[in-house]
Amino acid sequence: MEAINFLLNGEETAYDGSAADRLLDVLRDSFRMTSVKCGCKEGECGACSVLMNGILVNSCCVAMGAAEGANIVTLEGFRKTERFAVLNKAFAATSAVQCGFCIPGMVMAAEALLSKIPNPKDSQIREGLSGNLCRCTGYNAIVNAIHIAAKEGNGLW
Amino acid sequence: MVNGYRPASLQEALEIKKTTDAVPYAGGTDLMVENRKGVSYLFLNGLEELRHIREEGDYISIGSCVTFTEALESDLIHPLMKEAVAQIAAPAIRNTGTFGGNIGNGSAKADSVLILFVCGAKIRLASVHGQRTVNMEDFYLGRKKLDLKPEELIVEILLPKRGLDNYYYKKVGGRNALAISRVSFAGLLTVENGRIQQMAAAFGAVSDTVLRFRDLEDRLSGKTLDEASAIKEELLSAYGERLVLTRGRVSAEYRKAVCMNLLKDFLEEKGI
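Chains as they are written, first to last, in our numbering: chain A, 1 to 157; chain B, 158 to 429.
Chain B on its own, in the form it takes in the complex (with noise of 0.2 Å):
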């Protein structure tokens, strides 16, 4: 094969990342748009080790090519991920893209990446030298800038079963279909025994990575609704100096307020 590489597992793939400069190729949709002359593909999207979806502990492990349709079409994928992933694109797009993909492809506007940031998902990485394990948040280092060596490849995707049911979710883009995220956003709350456990935010598309203030968040931790509404304002006003925000497809200011009137519907909604 002329410029292509075609391996039939994911060992002799990891050999082949190691020694050459072959970009993965898992759906293409992404890759295909540039499609930059004179590269060479590593071509994934024929192993079966990285198309599995299937419970792993506390996590529901997704293989890296995986695509959207077979996401959607799966029991064990969470409806808030469902929810994120039905409004990627369109059939075509969803039928060929992937998990591992969207990931990859480093952008703060990829729809699946909101979801697991916010959930606290776990991507696992390997190479000829063994397996690694990172949070979704440490992966990102930046725009287009991962956490990911040379001769790495991204193998699953690891997302919490638990914590994932009481959430909100919005994509605000320019259609229905084929939209590219102007603003979206992710949150989710947790409360045991009228206290809350957990709140988490995510805001996507808005800056060179998928923001997310865990030291806000705790404010909000061990409170009752009542109590958390009392500091709601103050909390909101955080979240106001937090969020600098970068000019994209739109400007700043607009995506500013998108992002706070999301957070405080999703907290209004969830009785804060």
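Looking at chain A on its own, in the form it has when it is part of the complex (with noise of 0.2 Å):
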């Protein structure tokens, strides 16, 4: 039985489950990245946003047969960067966490937003997080932690 190939955070990884399966119970079930959560099982709120190709997706809409191949990165990756400790500098500056359950996401999507758009726009910043639900904070603390971030982090994005 062939099975699905793929790189999480840096390191070569197989899968022998079902090409079916997604993504998001993969990374949580049998690799423990536990950073990606489950909060809707239908692309609507973006806690299991990770990046794929370098690419911001939803893992529970990625099915295993197409991660064959891929660059999976989730925070567990991520956070061994340095764009990281800007990014969590900048969150608890503006105390941008609240129960913390939609942050892994956040980040995730402030990598790909910044990584596209390195000074973004208040509008901008609000676009790139437009997937990602938090219930507790009302988004103004996170996206300052992000304006914060980009100019912390001059010169790494």
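No false leads were slipped in.
What the simulated footprint calls covered on chain A by chain B, stretch by stretch (three residues with Cβ under 8 Å from a Cβ of chain B suffice, anywhere in the stretch; the number is not a length): (1) 14-27; (2) 36-43; (3) 59-67.
Using 25 Å as the maximum straight-line C-alpha spacing, the simulated DSS-like pairs for lysine-lysine come out as follows: (4) A:K41 - B:K301; (5) B:K175 - B:K306; (6) B:K266 - B:K239; (7) B:K380 - B:K421; (8) A:K41 - B:K194; (9) B:K427 - B:K318; (10) B:K306 - B:K266; (11) B:K421 - B:K239; (12) B:K239 - A:K121; (13) A:K41 - B:K266; (14) B:K327 - B:K301; (15) B:K327 - B:K279; (16) B:K266 - B:K413; (17) B:K266 - B:K279; (18) B:K239 - A:K116.
Selected chain A positions facing chain B (Cβ under 10 Å, derived; list incomplete): (19) G46; (20) E127; (21) N132.
These are calculated hints, taken from the structure and not from any lab test.
Backbone N, C-alpha and C define an ideal beta-carbon position, used for all residues, glycine too.
If you follow the hints, you should be able to join the two separate chains into one complex; please do so.
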């Protein structure tokens, strides 16, 4: 039986289950990447956001067969980077984290946004986070954190 | 691969399509919501043959696995299509969702499908037996019913290059991001030498398929804007009779009122 091979946070990884399984479930249950949260399983909340070949995706809406050969990065991998350190500090500075459930997805969405637009306007940040729901913060603290990260991390993105 | 096929070429994909009942998978954003138990997928997302955007005579050809984000970043895609596609869901969905998937899902709420209807786009289908090209309007037979044979795959969308510049587009949803259209409307008007060549009006999310009424559109052909204005009320009441809408997430009465308001606004904005 042919396994599904992909890179997970830089490491060669093989999955020998069904190609129809959700990337979200496989990341959590088989590889214990528990930063990836399950909020809705229908692409509405963004809590399961990961990077696939550098592009932001909802891992609940990706079947494992589509991840064959892909480079998957979750927060567990991203947290080892300098960019994460800048985002981490900025989120703390604005108290952008309350219950924390949406935050891994928010941070991955922020990374995807800043990779495309290193100095985003307020409206661009809100557009970049528009697929990530937060029920605690009212978003402003998160938006401010990304403004700060863009400024402090000058040159990193 | 268990429960999945990952063809290396379109030809191989077509052979698998003919011999199995695997479900074609492009972006997965609609399919994975249900992710039916025991389903097998035919993964098309890795096929470069389905990922082009290029000029083809009077059309722009869009491969069925082109994502909405890729379309937004292309200079070849008309602003009307970009305006509609930019309002689909949110970045992560636009990054994976595709034109082929939006069509293949068979919903009258699909935001790119409305534009394909109003533009008179064509769809290219392929099977191991060859290719055929159908008009978008003929391809949608009813709710979730497509003119697609079991062995066929959607491979290309042909978007006309001309006649799109004088457009009108509105999506009415419950919120800005991640909104499923409650009513969507697109209108086009081409005027040459002071006379209307064609008026097109398409209504999305209000019935089993996107609605267009060619005979009503034709009433304005050949008329000046003033002549068209003179028969506007008559035309609007004809639309009122023909727009028999179904109830969905919102009432049929609400949908009808919004459709009529948008049609009127479109005509007035264009000088009729």
